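Participant: In order, the protein sequence lines correspond to chains A and B. The opening position of the first sequence corresponds to residue 1 in my numbering, with each subsequent residue numbered one higher. The opening position of the second sequence corresponds to residue 1 in my numbering, with each subsequent residue numbered one higher.
What the hints contain is simulated information worked out from the structure, not anything from laboratory work. Being a predicted model, the structure only gives us computed values, none of them experimental. Where is the CB? At the ideal position from N, CA and C, for every residue including glycine. Incorrect hints may have been included.
Unchecked claim - Residues from chain B that face chain A, not an exhaustive set, calculated with beta carbons under 10 Å: (1) Ala154; (2) Leu162; (3) Asn176; (4) Arg233; (5) Glu240.
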Amino acid sequence: MQICAIGLHKNNTPEEVWSLAPGTEDCCRRLAALTTERETLFIVSSHAIELFAVLDGNIKEKKEQLKDAFLQTLDLRQPRAPLPFHDLEGPDAVRHFLSMALGLEPMAYDAENDFLEKTSKSIKTAGDPGGVGPVLNRLYQTALMLSAKVEQSGLSFDYSAIAEQIESLVLKIFGSFSSVGLLFVGANELSAQLQAFFAGKSMREQWYTGPGIATVPGLGIIESGDVGEVLQSAQVVLRMSRDCDERFTPAALRDTMERRNNQPLLLVNLDATIVPEASYNKIYNLFVYDLTDFQQDDTPRDSGLGITKGLIEDELKLFFAWFYSKEHYRFGEIIGKSPGIEKVLEFIARIAQTDITVLVQGESGTGKELVARAIHENSARRTKPFVSVNCGALTETLLESELFGHERGAFTGAVNAKMGLLEEADGGTLMLDEIGDTSPAFQVKLLRVLQEGEMRRVGGSHTRKIDVRIIAATNKRLDEQVARGTFRQDLYYRLNVVQIDLPPLRERAEDILLLADHFIATFAGKVKKRITGLKNESAEMLTGYSWPGNVRELENAIEHAVALSIGHTILPEDLPAHLHKKTEPQTVPVADHIHTLKELEKAHIIKALQRLDWDYGEVARILEIGRTTLWRKIKEYDIKKPSELN
Amino acid sequence: MSAPAIAVLVLYVLANIGYIICFIQQRPAWKHVPSFVLSAGVVVHFISLIVLSNALGRLPIVTVFEVLTSAACLFALVYLTLESIIKDKCMGMLITPVLIIFQSISLSGITTIPGALPAQLTDLYFEIHVICMMLAYSGFAIAFIASILHVLLARELHLKRLGFFFSRIPSLELLNRLNASAATLGFIFATLGMLCGAVMAFHYWGTPLPFDPKFISFFFTWCLYCFHLVARRKLGWQGERAAWLSIIGFSCVITNVLVISIFMTKLHLYV
Numbered sequence: 001m002q003i004c005a006i007g008l009h010k011n012n013t014p015e016e017v018w019s020l021a022p023g024t025e026d027c028c029r030r031l032a033a034l035t036t037e038r039e040t041l042f043i044v045s046s047h048a049i050e051l052f053a054v055l056d057g058n059i060k061e062k063k064e065q066l067k068d069a070f071l072q073t074l075d076l077r078q079p080r081a082p083l084p085f086h087d088l089e090g091p092d093a094v095r096h097f098l099s100m101a102l103g104l105e106p107m108a109y110d111a112e113n114d115f116l117e118k119t120s121k122s123i124k125t126a127g128d129p130g131g132v133g134p135v136l137n138r139l140y141q142t143a144l145m146l147s148a149k150v151e152q153s154g155l156s157f158d159y160s161a162i163a164e165q166i167e168s169l170v171l172k173i174f175g176s177f178s179s180v181g182l183l184f185v186g187a188n189e190l191s192a193q194l195q196a197f198f199a200g201k202s203m204r205e206q207w208y209t210g211p212g213i214a215t216v217p218g219l220g221i222i223e224s225g226d227v228g229e230v231l232q233s234a235q236v237v238l239r240m241s242r243d244c245d246e247r248f249t250p251a252a253l254r255d256t257m258e259r260r261n262n263q264p265l266l267l268v269n270l271d272a273t274i275v276p277e278a279s280y281n282k283i284y285n286l287f288v289y290d291l292t293d294f295q296q297d298d299t300p301r302d303s304g305l306g307i308t309k310g311l312i313e314d315e316l317k318l319f320f321a322w323f324y325s326k327e328h329y330r331f332g333e334i335i336g337k338s339p340g341i342e343k344v345l346e347f348i349a350r351i352a353q354t355d356i357t358v359l360v361q362g363e364s365g366t367g368k369e370l371v372a373r374a375i376h377e378n379s380a381r382r383t384k385p386f387v388s389v390n391c392g393a394l395t396e397t398l399l400e401s402e403l404f405g406h407e408r409g410a411f412t413g414a415v416n417a418k419m420g421l422l423e424e425a426d427g428g429t430l431m432l433d434e435i436g437d438t439s440p441a442f443q444v445k446l447l448r449v450l451q452e453g454e455m456r457r458v459g460g461s462h463t464r465k466i467d468v469r470i471i472a473a474t475n476k477r478l479d480e481q482v483a484r485g486t487f488r489q490d491l492y493y494r495l496n497v498v499q500i501d502l503p504p505l506r507e508r509a510e511d512i513l514l515l516a517d518h519f520i521a522t523f524a525g526k527v528k529k530r531i532t533g534l535k536n537e538s539a540e541m542l543t544g545y546s547w548p549g550n551v552r553e554l555e556n557a558i559e560h561a562v563a564l565s566i567g568h569t570i571l572p573e574d575l576p577a578h579l580h581k582k583t584e585p586q587t588v589p590v591a592d593h594i595h596t597l598k599e600l601e602k603a604h605i606i607k608a609l610q611r612l613d614w615d616y617g618e619v620a621r622i623l624e625i626g627r628t629t630l631w632r633k634i635k636e637y638d639i640k641k642p643s644e645l646n
Numbered sequence: 001m002s003a004p005a006i007a008v009l010v011l012y013v014l015a016n017i018g019y020i021i022c023f024i025q026q027r028p029a030w031k032h033v034p035s036f037v038l039s040a041g042v043v044v045h046f047i048s049l050i051v052l053s054n055a056l057g058r059l060p061i062v063t064v065f066e067v068l069t070s071a072a073c074l075f076a077l078v079y080l081t082l083e084s085i086i087k088d089k090c091m092g093m094l095i096t097p098v099l100i101i102f103q104s105i106s107l108s109g110i111t112t113i114p115g116a117l118p119a120q121l122t123d124l125y126f127e128i129h130v131i132c133m134m135l136a137y138s139g140f141a142i143a144f145i146a147s148i149l150h151v152l153l154a155r156e157l158h159l160k161r162l163g164f165f166f167s168r169i170p171s172l173e174l175l176n177r178l179n180a181s182a183a184t185l186g187f188i189f190a191t192l193g194m195l196c197g198a199v200m201a202f203h204y205w206g207t208p209l210p211f212d213p214k215f216i217s218f219f220f221t222w223c224l225y226c227f228h229l230v231a232r233r234k235l236g237w238q239g240e241r242a243a244w245l246s247i248i249g250f251s252c253v254i255t256n257v258l259v260i261s262i263f264m265t266k267l268h269l270y271v
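Produce the entire structure from the sequences given, and follow the hints as far as they go.
Facilitator: Structure (C-alpha cells):
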C-alpha cells in the first residue's frame with residue numbers, strides 16, 4: 001500500500017489548462033465515477049491541481065490509470081503538449097501534501113493559500129463511500145494540525161527573501177543575468193519557487209539535474225553524469241539537495257575551478273543538511289553561501305521556515321509510523337471510521353493547537369475523556385500535565401478542596417496545606433468530567449477561574465495566577481439544564497466556546513466491529529488467549545444491538561466474551577445475556593396496538609432513564625415526580641439497568 | 001599661483017566632498033551634483049591650460065608642475081568619459097583626491113621658465129611621449145581604483161557580511177572588466193610612449209635605451225602590467241589577483257612619478 005500524488009502546478013502549466021479546469025466538486029464526482037481505488041482525493045486549488053490516492057498492488061500500473069483518470073477528470077484527453085505532471089510516492093507525496101497545505105509549495109507571490117479549504121471541500125464532496133478513507137483523512141487532519149500549529153506559533157516563511165538575496169548576490173558578482181548560467185542540483189521545497197523566480201530573469205542558460213519536480217519552461221534537464229561538464233560553463237550553482245555530492249567536495253571544486261580557468265563561481269547550498277566547509281573559502285574565485293547565511297539577515301522570518309520544515313519531517317515520521325502500523329482507524333486512542341467520528345477528529349485537529357475552552361458532550365461511555373486526552377496530546381501543552389477530575393463523583397466541599405487545594409487549618413482535618421488539581425495542571429489541561437452535576441456555588445467559583453485566570457485555595461487569602469486549559473465534559477444536555485436553571489448560563493457560555501458532540505455508538509454502526517476487534521485483541525492479550533475474532537453471528541448480534549452504554553458497554557461485553565470463550569472465535573453464547581434479548585421493543589410504541597397507560601408510563605420512564613444515563617434524580621426532576629415515586633414505579637414495572645442484568 | 005588654478009582646486013575639492021557624501025548616503029536626488037561640479041572644474045581647468053599654453057607658446061608639459069596640472073585635467077576628462085559610459089559614480093570618490101593632490105602640488109610651483117628650452121623638450125616626439133604617458137597613467141589609475149573597490153567588495157562577499165560596500169559598490173564583474181580594459185589601454189599607451197621616448201633618446205643621445213633610474217623603474221612597471229595581461233589570460237588570474245596586480249602596478253607608477261622623477265633622475269630632469 002502506498003500514497004501517491006499526481007498533479008500539476010500553476011507556475012509550470014499552460015494557462016489554458018487552468019482556465020478549463022472544472023471546480024473541485026465536479027472533479028470529485030467525475031473521478032469517483034472513473035476509479036475504483038480505495039482512497040482518492042482530488043483537489044483543485046488556486047495554485048495546484050492534485051490527485052492523492054492510496055494504492056495497492058501494482059502501483060506503477062495503477063498510477064498510469066490514475067493519470068488517465070486525472071486527464072479525463074480535467075477533460076484533457078489530448079493535451080497539446082505533454083503536461084508537466086509531478087508524480088510522487090510515499091514520503092515525498094505526504095511531504096508534498098503538507099507543504100502545500102502550509103503554503104510552502106508551489107510558490108505564488110500574490111494569491112492566498114486555499115489548499116486546505118479546497119481539501120476540506122473535496123473531502124465533503126467525496127463523501128463516505130469510495131471516497132476519502134482513513135489515510136487521506138488522517139493526512140488532512142495532520143495538515144490541519146500543522147497549519148494551526150504554524151499559525152499559533154507565529155511562524156512565517158517567505159522564500160522570496162532567499163530568492164531576492166540570491167539575486168542580489170548574483171548581480172553583485174556577475175553584474176547582470178544575461179551572461180549567467182544557472183544550475184539547479186536536486187530539488188527541495190524551495191525549488192518550485194526559486195525555479196519560478198529565476199525563470200523570469202532571462203538568463204543565458206538554466207539547467208536542472210535531479211529527480212522530482214523540474215518543470216519550468218526554459219530549464220534544461222541534464223543527467224547527473226553531465227554535471228561536471230555543465231559546471232565548467234555555469235556561473236551559479238544552487239544545491240537544493242545532496243545530489244551529486246561528490247562534485248562538491250573541496251578537492252573536486254578546486255579541480256573544477258582550475259578547469260574553468262578560475263572564472264568566478266557562486267555556489268549556494270540550500271539544503272539544510274549540507275554542512276558549510278571552511279576550506280571552500282580558500283578556493284580562488286569561488287563564492288560559497290549556505291542556507292544559514294541567508295537567515296542571518298532576517299532571523300525570525302527565515303528560521304520559521306526551518307522550524308516548519310522540522311515540523312513537517314516530524315509529522316512525516318509519525319504519519320508513516322501510523323500508516324504502516326495497520327491501525328488506520330485510530331487517532332491516538334480514538335478508534336473509528338464513521339463520518340461522525342471523522343468529524344470529531346477533524347474538530348480536534350482544528351482546535352487542539354488553540355487554548356480555547358472545549359465542551360465535550362456525549363452519552364456516557366462514548367469516550368469523552370479520550371477526546372480530551374487527544375486534544376491535550378495534540379496541543380502545545382502536551383509536555384505539561386493532563387489532569388482529569390470527575391465532578392459528579394465528589395461532594396461539593398470535597399470537590400472544591402480537590403480542585404482549589406486548601407491552606408493548613410482551612411477546615412477540620414486540613415492538617416497540611418494541599419495543592420489543588422488546578423495548580424497541579426498549571427500549564428497543562430484540566431478535564432472537568434460531569435460538569436453538569438456541580439452545584440451553583442461551585443459553578444460561580446469555576447467561572448471566576450475561567451474569567452480571571454486566577455484561583456484561591458480554600459481558606460487561603462492569596463490569589464494565584466494559573467494557566468490551565470479547561471475541557472469540560474458532560475453526558476447531559478447543558479442547554480436544557482440552563483433553561484431549567486440548574487446550570488449557570490454565564491458558565492455555560494464560558495465553557496461552550498467550542499462544543500464537540502460525541503456520537504453514541506448506535507449512530508456509528510460501522511465502528512462497532514472495528515472497536516470489537518480492538519477490544520478482543522486487548523483482552524485476549526491480557527488473558528493470554530488466542531482469539532482471532534468474532535463469529536459471524538456474534539458480529540451480527542453486536543451490530544444489531546443498540547448499545548445504550550456505548551463504547552464502555554461494548555468494552556465490557558467483549559471482556560466478558562473473551563473471558564468466557566473457549567475457541568479461537570467469539571461465539572454468540574459468549575456474549576452477555578442481555579445482548580440476546582431484542583432490545584427496546586417496549587420503548588417504541590407500535591402504532592396498531594393501543595397501549596395501556598401503565599405500559600406507556602413504563603416505556604416513558606425507561607426512555608427517560610436511558611437518555612439520562614440512569615440518573616434517578618435527574619429523571620425524577622424531568623418527569624416532575626418525586627424521587628421516591630420514581631423509585632416505586634421502577635420497582636413496580638420491574639425496570640432494570642442493563643448493567644444489572646448480567 | 002593663478003586665480004583659475006585655485007578655482008579649479010576648489011571645484012575638485014567640492015566634487016570630492018560631493019562624491020563621498022553621495023557614496024555614503026546614497027541620496028538619488030543628489031547623485032548628479034558632484035559630476036556637475038567636477039565637469040565645471042574640468043572646463044575651467046581646460047580653459048586655463050589653453051590660456052597657459054598660449055602664454056608659453058607650447059604645451060604645458062615641460063616642468064613637473066606643468067605635467068601634474070595637465071595630467072590632472074586629462075585624468076578628470078578620462079574619468080568623466082568613463083562615468084558616462086558605466087553609469088556608476090562610486091569611483092569618483094577615489095579619483096578626485098588624485099586630482100586634488102596633483103593640482104595642489106602643481107599650484108605650489110608654476111612659474112615661467114627663463115631662457116630658451118633645450119631642443120628635445122620642444123620636439124614633437126617629446127610631446128607625444130608625454131601625452132601617451134599621461135594617458136597610460138590615467139588608465140593605470142582607473143584600473144587601480146577599480147581594483148581597490150574590487151578587493152573591498154570581494155572581501156565582504158567572502159566574509160558573507162553583506163553590508164556597507166555591498167550596497168554601494170558596483171558588481172565584481174564590472175570592476176574586473178574595468179580593471180582589465182583600463183590596464184590594457186594604459187599598457188598600450190605606455191608602450192607607445194616608451195617607443196616615442198626611445199626614438200627621441202636615439203635621436204638626442206644616440207641610444208634607444210639610456211641608463212636612467214626613471215626609465216629602469218618604468219620598464220619594471222611596464223613588465224608588471226605586461227604580466228598582468230598575460231596572467232589574466234593564461235593563468236586565470238581573473239578578479240582579485242588581477243586587482244592586486246593593478247594595485248601593485250599603480251604603487252610603482254606613483255613611486256616612479258613622485259619619488260624617482262623628482263629626486264633621482266638625470267635625463268628626465270624637468271627644468
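Participant: Going back to the hint list, which numbers does this structure go against?
Facilitator: none
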